[in-house]
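> Sequence:
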Amino acid sequence: MGEPKKTQFKVTESEISLGNFVVPVSEVQSCKVGYSKKWLAPLTATIGLSLMAWFAYELVSLVIRFSTAINVASTPGADEAASHASMVHFLEKLHLRAST
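When we follow the working numbering, the leftmost residue of the sequence shown carries the number 10, and every step to the right adds one.
Derived by calculation from the structure, the hints in this document are not laboratory data.
Computed from a prediction, not measured in an experiment: that's the story for all the values here.
It is possible that some hints are incorrect.
[Claimed, not checked] What follows is a list of derived Cβ distance ranges for each label pair:
1) Pro-51 to Asn-80: 37 to 45 Å
2) Arg-106 to Thr-16: 42 to 50 Å
3) Leu-68 to Ser-92: 36 to 44 Å
4) Ser-76 to Trp-48: 38 to 46 Å
5) Lys-47 to Ala-94: 48 to 56 Å
6) Ile-25 to Leu-49: 25 to 33 Å
Think of the CB as a built atom: it goes at the ideal place given N, C-alpha and C, for glycine as much as any other residue.
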């Protein structure tokens, strides 16, 4: 394959040179396009807060499910169907997801 060709470039206050190609700095600056990023911070905050709220929603549902399962398993003679129905009713009352 051989040695790759190396192109020397140099940047000064007045010009930018890439090998034999020299461009004045004023031309390079005029080509730059700036985009407004005013919407980026609120969008990032909204997405972050939405993800945190969704995580909290799922965590509360999971804690209720696990606590019900542990209570049913540790209580002898507990009616599983009635406990499950009670848990589903409680989850629906809190507007949490009642099905997996």
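> Evaluate each hint against the coordinates.
Hint check results:
Our hint of 37 to 45 Å for Pro-51 and Asn-80 holds, since their Cβ atoms are close to 43 Å apart. Distance hint for Arg-106 and Thr-16: a CB-CB separation of about 59 Å, inconsistent with the stated range 42 to 50 Å. A hinted range of 36 to 44 Å is violated for the C-beta pair Leu-68 and Ser-92, which are about 21 Å apart. At roughly 42 Å, the beta-carbon separation of Ser-76 and Trp-48 lies within the given 38 to 46 Å, and the hint holds.
Evaluation of the 48 to 56 Å hint for Lys-47 and Ala-94 yields a pass: the beta carbon distance comes to about 51 Å. Between Ile-25 and Leu-49 the Cβ separation comes to about 29 Å, which falls inside the hinted range of 25 to 33 Å.
Hints 2, 3, counting from the list given before, are not met by this structure.
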